[in-house]
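K.L.:
Listed below, chain by chain, are the residues.
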Amino acid sequence: MKAAVLVFPGSNCDRDCKVAVEVTTEAQVSMVWHQDTSLPAGLDLIVVPGGFSYGDYLRCGAMASLSPVMAEVVKAAQRGVSVVGICNGFQILCEAGLLPGALMRNAGLKYVCKPIELTIENRNTRFTSAYGDKASVWMTQGNGDGNFFADAETLKAIEDNNQVVFRYVENPNGSVNNIAGIMNAEGNVLGMMPHPDRAFEPALGSADGAPLFHSLMRVLQAA
Amino acid sequence: MKATVHIFLKAGVLDVQGKAVEGALNGLAGTAGWSDVANVRVGKVLEFDLKSTDKPSAEAEVKSMCEKLLANTVIESYRIEVA
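These protein sequence lines map, in sequence, to chains A and B.
So the first sequence is residues 1 to 223, counted in the working numbering.
So the second sequence is residues 224 to 306, counted in the working numbering.
Hints are supplied without guarantee of correctness; some may be wrong.
Capping the alpha-carbon separation at 27 angstroms, the derived lysine-lysine pairs in BS3-like fashion look like this [said to hold, decoys possible]: (1) Lys225/B - Lys278/B; (2) Lys291/B - Lys75/A; (3) Lys233/B - Lys156/A; (4) Lys274/B - Lys233/B; (5) Lys156/A - Lys267/B; (6) Lys267/B - Lys291/B; (7) Lys233/B - Lys286/B; (8) Lys291/B - Lys278/B; (9) Lys233/B - Lys110/A; (10) Lys114/A - Lys242/B; (11) Lys110/A - Lys267/B.
Covered, in the sense of this in silico footprint (three residues per stretch, anywhere, with C-beta under 8 angstroms from a C-beta of chain B), are these stretches of chain A [as the list claims (entries may be wrong)]: (12) 104-117; (13) 139-152.
FYI, nobody ran anything at the bench for these hints, they're computed from the structure.
Idealized CB from N, CA, C, for every residue including glycine.
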């Protein structure tokens with residue numbers, strides 16, 4: 001497997017993501033600077049990491065979504081390459097129009113930083129097939145703007161198409177329908193606020209993020 | 224020309240900051256009497272200079288900036304002033 005992790009000024013989970021992908025999939029992972037105008041050839045996975053790109057100025061993810069490299073990520077996504085956006089990465093993918101909806105300030109106005117329990121809402125995706133019938137999983141949450149919002153029409157479309165991948169067991173931030181992670185209609189772009197990259201081996205408190213990356217490996221092995 | 228852009232969360236999108244400020248103003252009512260404050264919205268204002276001297280084209284330019292970067296029209300609405 002060949003993977004790339006994007007690096008924006010203010011990303012702080014880029015190296016965590018690299019290690020998570022390397023440890024769980026033995027993939028070759030390149031770090032791609034946001035000013036780059038091309039991606040490495042033959043990528044199977046692009047990870048848009050968490051952090052505070054551009055200091056969260058204006059709106060979280062807004063300026064990063066217009067970085068030169070993002071034009072290439074949009075093209076790669078349209079070709080069917082798997083894209084995973086975690087936390088700030090989810091915000092960037094929404095701002096870039098690769099995912100529907102937007103992430104707003106947490107309803108409690110507080111930064112939420114804690115382990116969090118999620119249900120897997122769709123097990124037939126390239127991101128979740130390795131979870132088997134596990135009822136719920138634990139990852140960690142760490143954000144101030146994780147409150148997922150979409151208007152009623154968009155929300156209905158997301159739900160009807162089974163695009164909700166993860167839901168919170170206890171809603172920490174006011175997200176509509178307890179949504180923690182969604183994918184695009186084509187099923188190759190995933191955005192989620194909780195961090196699988198901070199929960200991929202028992203030493204981190206949970207290894208429940210690992211099957212997400214194993215799932216992506218499975219897709220390749222089956223192909 | 225000078226452009227001013229006002230950005231607010233759309234009506235119907237919960238403005239949690241506005242609610243918190245409203246609660247604080249209401250809570251101060253005992254001392255200052257602001258219990259009648261309602262519907263507080265917190266937004267942002269951007270000001271910048273444009274080289275253009277033509278108002279309609281400047282407005283169109285600022286509108287395009289709003290659609291592309293300054294506002295997220297999924298959750299926000301904007302108002303432009305060019306003078």
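K.L.:
It remains to establish, for every hint, whether it holds in the given structure.
P.N.:
Taking the hints in turn, this is what the structure says about them:
1. For the hint linking Lys225/B to Lys278/B, the alpha-carbon distance of about 10 angstroms falls within 27 angstroms, and the restraint holds.
2. Between Lys291/B and Lys75/A the CA atoms are separated by roughly 18 angstroms; this keeps the pair inside 27 angstroms, and the hint holds.
3. For the hint linking Lys233/B to Lys156/A, the alpha-carbon distance of about 19 angstroms falls within 27 angstroms, and the restraint holds.
4. With a CA separation close to 30 angstroms, the supplied pair Lys274/B and Lys233/B exceeds the 27 angstroms bound.
5. Proposed proximity of Lys156/A and Lys267/B is contradicted: the alpha carbons are some 30 angstroms apart, above 27 angstroms.
6. Simply put, Lys267/B and Lys291/B have alpha-carbon atoms about 17 angstroms apart, close enough for the 27 angstroms limit, and the pair holds.
7. Only pairs whose Cα atoms come within 27 angstroms are accepted, and Lys233/B paired with Lys286/B is accepted, the gap being roughly 17 angstroms.
8. Between the alpha carbons of Lys291/B and Lys278/B the distance comes to roughly 20 angstroms, so the proposed pair stays at or under 27 angstroms and holds.
9. With a CA separation close to 22 angstroms, the supplied pair Lys233/B and Lys110/A stays within the 27 angstroms bound.
10. Between Lys114/A and Lys242/B the alpha-carbon distance is near 25 angstroms, which keeps this suggested pair within the 27 angstroms criterion.
11. With a C-alpha separation of about 20 angstroms, the suggested pairing of Lys110/A with Lys267/B holds against the 27 angstroms cut-off.
12. With 6 residues carrying a beta carbon less than 8 angstroms from a beta carbon of chain B, the region 104-117 of chain A meets the three-residue requirement, and the given coverage holds.
13. Three residues within the 8 angstroms Cβ limit are the bar, and the region 139-152 of chain A against chain B gives 4, so the coverage statement holds.
The structure does not agree with the numbered hints 4, 5 stated previously, though it agrees with the rest.
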